[in-house]
Amino acid sequence: MKYRCLIIDDEMLARDVIRTFVQHDHSIEITDEAANGPEAVVKILQHRPDVIFLDIQMPELDGFEVLREVWPHHQPFVVFTTAFDQYALRAFEVNAIDYLLKPFDEIRFHQSLGRLKERLSQKSQPRIEELVNSLLRDQKEENYLQRLLVKEAGKMYLVKTDDITHFSADGNYISVYTAQKKVYTVYESLGSLESRLDPAVMIRVGRSNIVNMNFISELETYFNGEYIIHLSTGEKVKWTRGYRDNIKAFITKMG
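Residue numbering for the sequence shown follows our numbering, starting at -19 and increasing by one per position.
Think of the hints as simulated: they come from the structure by calculation, not from any bench.
Even glycine gets a Cβ: it sits at the ideal position worked out from N, Cα and C.
Warning: the hint list may mix true and false statements.
As the list claims (entries may be wrong) - Derived DSSO-like pairs (lysine-lysine); straight-line CA-CA distance at most 27 Å:
#, residue 1, residue 2
1, Lys228, Lys216
2, Lys216, Lys162
3, Lys162, Lys140
4, Lys135, Lys(-18)
5, Lys135, Lys161
6, Lys161, Lys216
7, Lys97, Lys82
8, Lys218, Lys161
9, Lys218, Lys228
Stated by the list, open to error - What follows is a list of derived Cβ distance ranges for each label pair:
#, residue 1, residue 2, range
10, Asp225, Tyr153, 36 to 46 Å
11, Asp150, Ile87, 26 to 36 Å
12, Tyr124, Lys161, 38 to 48 Å
13, Leu(-7), Tyr153, 40 to 50 Å
14, Lys216, Asp(-4), 50 to 60 Å
15, Arg99, Asp142, 13 to 23 Å
16, Val163, Leu125, 39 to 49 Å
17, Lys(-18), Val163, 38 to 48 Å
18, Lys135, Asn204, 18 to 28 Å
19, Tyr167, Ile227, 51 to 61 Å
20, Thr165, Leu(-7), 30 to 40 Å
21, Lys216, Ala180, 33 to 43 Å
22, Gln126, Val163, 45 to 55 Å
My request is simple: use the sequences and hints to build the entire structure.
Set out below in structure tokens:
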């Protein structure tokens, strides 16, 4: 049986080393590689590999943040790779499959690979799930959504919430509008999405709309106590009567 793997490291040399070692083992097939955190998230969810060799220190999203993003959707077996002892120790303490402390040689790599294949054959996922669940709890309690996973033309992308001008719900899907004039679709209720957004930035202005206050350029008085929101991108959204209490939050932020 062949297991599919993804190599994730921001250093090309490190990816080359792992690729060379993996190619010596015919039971592991390299599906793809990723050079940073956001790219890793997208490729993990696209390819759904059995195994990932995951660097911890990477630009934009580190290895633990990558796991936090993908774990609700896909849970691969993980071998951490790192040049920093303290991070490797943290991974070891939560019973990860293994960690490879850089620089590692082929003997050390194949020792790790042997343990990995044993777990794969037994379908024995290590306690890394406890680490990820802890990260997810921390995210829920302390951090609002920083990136949103979206789909376009069969591909997945991570969009920064800071770049999103507004959301517009229609039935079972939400249109996501960005400052770059791109429109993406996510399948989620607006209420569920709202609970994960920072209320100091994203404000509900109607039953079907949430707006990023940083992109509001003007409020135009409309009929029956409603307003027309002019966004800096040139788009307009109605602020309906049922949500006009939220105007106080906008005035506070702007004031």
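(message) Assuming the hint says 13 to 23 Å, is it satisfied by the Cβ distance from Arg99 to Asp142 or not?
(response) 39 Å, violated
(request) With respect to the beta-carbon atoms only, verify the hint that Tyr167 and Ile227 lie 51 to 61 Å apart. (result) Since the Cβ atoms of Tyr167 and Ile227 sit about 30 Å apart, the hinted range of 51 to 61 Å is violated.
(message) Taking the Cβ atom of Lys135 and the Cβ atom of Asn204, is their distance within the range 18 to 28 Å?
(response) Violated - the Cβ-Cβ distance for Lys135 and Asn204, about 43 Å, lies outside 18 to 28 Å.
(request) Indicate whether the distance between the beta carbons of Thr165 and Leu(-7) respects the range 30 to 40 Å. (result) The hint (30 to 40 Å, Cβ to Cβ) holds, given that Thr165 and Leu(-7) are roughly 39 Å apart.
(request) Note whether the CB distance of Gln126 and Val163 lies within 45 to 55 Å or breaks it. (result) 20 Å, violated
(message) Given a hint of 33 to 43 Å, does the C-beta separation of Lys216 and Ala180 actually sit inside it?
(response) 23 Å, violated
(message) Need the status of pair Lys218, Lys228: alpha-carbon distance at most 27 Å?
(response) Holds, because 16 Å separates the two Cα atoms, which is no more than 27 Å.
(message) Can you confirm whether the C-alpha distance between Lys161 and Lys216 stays at or below 27 Å?
(response) 13 Å, holds
(message) Holds or violated: the 38 to 48 Å window for the beta-carbon distance between Tyr124 and Lys161?
(response) Violated: the Cβ-Cβ distance is about 24 Å, outside 38 to 48 Å.
(message) Run the distance test for Lys216 versus Lys162: straight-line Cα separation, threshold 27 Å.
(response) Given pair Lys216, Lys162 holds - Cα atoms ~16 Å apart, limit 27 Å.
(request) For Val163 and Leu125, compare the CB-CB distance with the range 39 to 49 Å and indicate the outcome. (result) 18 Å, violated
(message) Checking one constraint from the list: CA of Lys135 to CA of Lys(-18), max 27 Å. Satisfied?
(response) 25 Å, holds
Of the numbered hints given earlier, the model fails hints 10, 11, 12, 15, 16, 18, 19, 21, 22; all others are met.
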